[in-house]
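Student: Here are the chains, one letter per residue:
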Amino acid sequence: METVSLTINGKKIVTEKGKKVLWAALENGIFIPHLCSAGENSLPFGGCRLCFVEIEGKKEPVTSCTEEVTDGMVVNTRTESVLRLVRMGFELIMSRHPIICKECPANKKCALQDISREMGFKLKPKKLPQILPDLPVDDSHSLFTYNPNLCVLCGLCVYICNEIVKEAILDFNFRGFITKIGTFQNRTLAESKCNSCLKCVEACPVGALSKK
Amino acid sequence: MNNEREPDSKDELKIVKETLKNWEGDKNMIAMLLSIQDHLGYLPEEGMIEVARYLNISETTIYGVATFYNQFRFTPPGKNHIQVCMGTACHVKRGNIVMESWERRLEIKEGEVTEDREFSLERVNCVGCCVLAPVTVINKEVRGQMDPTKVDGILLKYQLGKEVETKRKKESESRTEEGCKESNDGKNS
Amino acid sequence: MMERTVSERFEELKKNALKDFPGMYGKKGITIYVGTATCGRSAGSLEVLSSFEDILKTLNIEARIVQVGCHGHCYAEPMAVVSKPGWPPIMYGYLTPNRAQILIKRFFNEEDPALEWALGAMEENDMVPTVYETPRWFREQRWLLKNCGCIDPEDINHYIAVGGYEGLTCALKIEPLEIIEEIKKAGLRGLGGAGFETWKKWDICRDTPLFPKYLICNADEGDPGAFMDRTILESDPHSIIEGMIIAGYAIGAESGYIYVRKEYPQAVSVLTTAVCQARELGLLGKNILDSKISFDIKINQGAGAFVCGEETALIASIEGKRGMPKPRPPYPANRGLLGKPTLINNVKTLASIPKILAYGAEKVSSVGMEGCMGTAVFALAGKIKNAGLVEIPFGTTLREIIFDIGGGVPSRIKVSNVAGELPKTIKKQFKAVQIGGPSGGCLPESLLDTPVCFDTIVDTGAIMGSGGMVVMDEDNCAVETARYFLEFTQKESCGKCTFCRIGTKHMLNILADITRGAGIMEDIDLLEELAETIKQGSLCNLGKTSPNPILTTLCYFREEYEAHILDKRCPSLECKDLIAYYIMPEKCQRACDACVGSCPTEAIYTRRDRLKAIDQEKCVKCANCMDACPAQYDAVIKISPISQLPESEPRDDDGQKK
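Chains as they are written, first to last, in this note's numbering: chain A, 1 to 212; chain C, 1 to 189; chain E, 1 to 658.
If you're looking for bench data, these hints aren't it; they were derived computationally from the structure.
Cβ atoms here follow ideal geometry from the backbone N, Cα and C, with glycine treated the same way.
Each hint should be verified, as a subset may be incorrect.
[Unchecked claim] The calculated lysine to any residue pairs, modelled on SDA-like cross-linking and capped at a C-alpha distance of 25 Å, are: (1) E:Lys321 to C:Ala52; (2) A:Lys58 to A:Ile99; (3) C:Lys150 to E:Glu602.
[Unchecked claim] Covered stretches of chain E, going by a simulated chain C footprint (3 or more residues, C-beta under 8 Å): (4) 6-18; (5) 38-51; (6) 140-149; (7) 225-238; (8) 304-315.
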């Protein structure tokens, strides 16, 4: 196994060649916000836009989920330009996410709460007004609830359902601001051919999909 | 939305099945959906289910793809489909006033169909006829240099055309009645 | 049997093609060339064509009618070139079915060429002034548009007869690396807007050791206001096919796709015919022109998504998926369609290739400027006299394009209904030119001396884009223009990444508030911050360039934003919530009813003093009354801010204001 040594936030790290910066950092206890990455063996999705880092020699911050480690690389995850970018990205997500932690099934197990705590970002957006969705909650399935208003469109449930379990019950529907995860004809899960494996619920980083 | 009606499912399913049966070339999902849309004017649920069956993929995948693209409708259009171009050149030449005129005269909003299903109204991106801005496409025919007065003119012409058609129908119906009556009288006498 | 060489096979095709070709502007007999591309048809050219056919039959004149594509001079459609022995070929514009009939009668019975309807002769002669006497014509240098409007796009023999497929013949005799070298010498840069060096992209793809490779022609032309690609697709499809075969050979691909937008049905139809004809003559398929090279083309239709102009989204669409872009690397040239090396080039880039190979890089790039060699095609639209396509060398300034060639901003003519009185001409001032579509920006008068080139335009904050140029005058509001583009981008966002999906929504909401008079000064700071982060944070160029209209209008028209926010005033009198239409009592004529009939909502009432006034609650601000009011009164004006509107006078009908 070929190894590579690099520096992240001043800490020297040795890791496998071919690994992405995000995973090299996480497995060495350095937190980088991330929502949409399914794991180091899957292709990066590139949707959440939170895992930015600055790499010496590169003009602009880059996403750490797509950047491969190189020998001698110097990475900084908390520079001013990175923080400015990530803070705004987080605010944008939170401007679309109801802040109802106490009632939320993912309370204390939520990736958004983790990011808020680790990065020192407030959950409630400071600069942007909230434009919250008002979609019906799908309570039809016997084993889990789907609340699309809590969805951050990370795409992990779609990935699991299509690429891993290969049932293809869930997918992205519509486009742009009104994109929603849904089933055929945007019907309830009870009407779909869901096999109740609950893998999507396990994958969901927030409270959109939750066990009953 | 005022466009719920039962589509003529049996006929439409037949057309979908024919289209797929005679499909030549690549098994390209989008091309198939476009073809069905061209034949029927919209994508009925049965159409999507058939394509899923034909390609052996999930219906959800079909729906996810179809809802992504502008071209696909999921409800039938009106008898006359009106597409108002809102490209840059049309916008700069008051295209939004033209759209408002259509909305006001037809009493529907963009994306809707009139109650009698005679007209449907859609906003489209550039159709590439920028020199004639602002442009409205009516039943695939491009009309240039539109303004509120022309909108009125087109609808008036349509209205008059309908009246003539209704009159003709009534006349031919009454002629048929008379003809039947005469032959009945002939039989009776 | 000796194998034929590529040249021999081509000479056979050429000989055959020349047999039937009527000649560029008819050197054989009487020929009438009628432009029937989409813009021509929309203007009525098919009716003009029928009219020509009828009159020729009636007068028993043996003539040939050839349907050609678009010349690019769309402002004069419907157009036709009449070629009669003894006369130079003459181009006519603004034709109607009636004029077509009269023209033929006069020209053929009375030797009177009806020059009042002519734009001019198409070649030098002693009798008729040529079209090249006006800058709109003589400033053009037509390489890409060389054949457009001159040949029948649905007859491959026309294309071959005027020199088509000679570039391919030259290419097949040299090695791929030599072809790429020639493209490098020509300095060709991606004409889809990115301006990336074409030869580099080809070389990366050629060098990737993975097969099969694919070539895609991006004919999605999503920019609203752009129709350059459509014109080439409909008027000279073989230039694209030829370019694709050469590119395929150079990179080692045997399969090509042309991805055309669904909104261009005529282009799809013309291309389908062209591909079939090319196959029939052995120019597509296996062993092209008896060489070892094989290449074939499939035509794919888009289904309506602006984002599919982005390479990875386009590939996803061809694969039958949602058009959501992917992170890069890997780049399509290394891993694209179905995971294989894929070269994606724009229509204009591919159409340039045959000329470079046939005429040589030096000749084609002898015009232009440092860093941007050759010519560019622009689609001029909006508030401009000579709208249409114009092909000019890189380095021409915006001012020359808009004013010398484009003819400048048209005045508004108001007709008087007083007998004998001339119409009133209201001059309109140029305000800005929008370049680069929704990814571009609005440039003011002060920047009009910028020479057109990828790099110089980027320095202004806009991008050159695909070539759409929409001209705006004093009646167009800069803030509303920014809002319009954000509305477009928001609708077309694929929704995958947070910055674009949610960020553009916030920018749009802020702009909508400002145009409604509900903005605050802090909004401008927030807009700028959002713009900077969206530029950096978005996944693809749709998102990254979406703030450009805002950033350029804030930079060059900031005072308009401030007027909207601080004074609730729209200086251009466009934003509906900030303007009111008003009939000036001192100019209104008691006995005149012109405005009343024109109002679609019956908002105009008669005052007690018999003058007309507008009920603001019913007014929909369509400007019909302003257009209808005769020039000698010109009583209707727009007022902004609305607080400046004078108190309304009582109505005549019941003495009470309803």
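Student: Given as covered by chain C, does the segment 38-51 of chain E meet the bar of three residues or more with CB within less than 8 Å?
Tutor: holds (count 5)
Student: Count residues of the segment 225-238 of chain E with a Cβ under 8 Å from any Cβ of chain C, then say if the count reaches three.
Tutor: holds (count 4)
Student: Examine the segment 6-18 of chain E: at least three residues should have C-beta closer than 8 Å to a C-beta of chain C.
Tutor: violated (count 0)
Student: For the pair we were handed, lysine 150 of chain C and glutamate 602 of chain E, check the Cα-Cα distance against 25 Å.
Tutor: 17 Å, holds
Student: Run the distance test for lysine 321 of chain E versus alanine 52 of chain C: straight-line Cα separation, threshold 25 Å.
Tutor: Since the Cα atoms of lysine 321 of chain E and alanine 52 of chain C sit roughly 13 Å apart, the hinted pair holds (cutoff 25 Å).
Student: Are there at least three residues in the segment 140-149 of chain E whose beta carbon sits under 8 Å from a beta carbon of chain C?
Tutor: violated (count 0)
Student: Count the residues of the segment 304-315 of chain E with a beta-carbon closer than 8 Å to any beta-carbon of chain C: does the count reach three?
Tutor: holds (count 3)
Student: Within 25 Å, alpha carbon to alpha carbon, are lysine 58 of chain A and isoleucine 99 of chain A?
Tutor: 36 Å, violated
Of the hints listed earlier, those the structure fails to meet are numbers 2, 4 and 6, in rising order.
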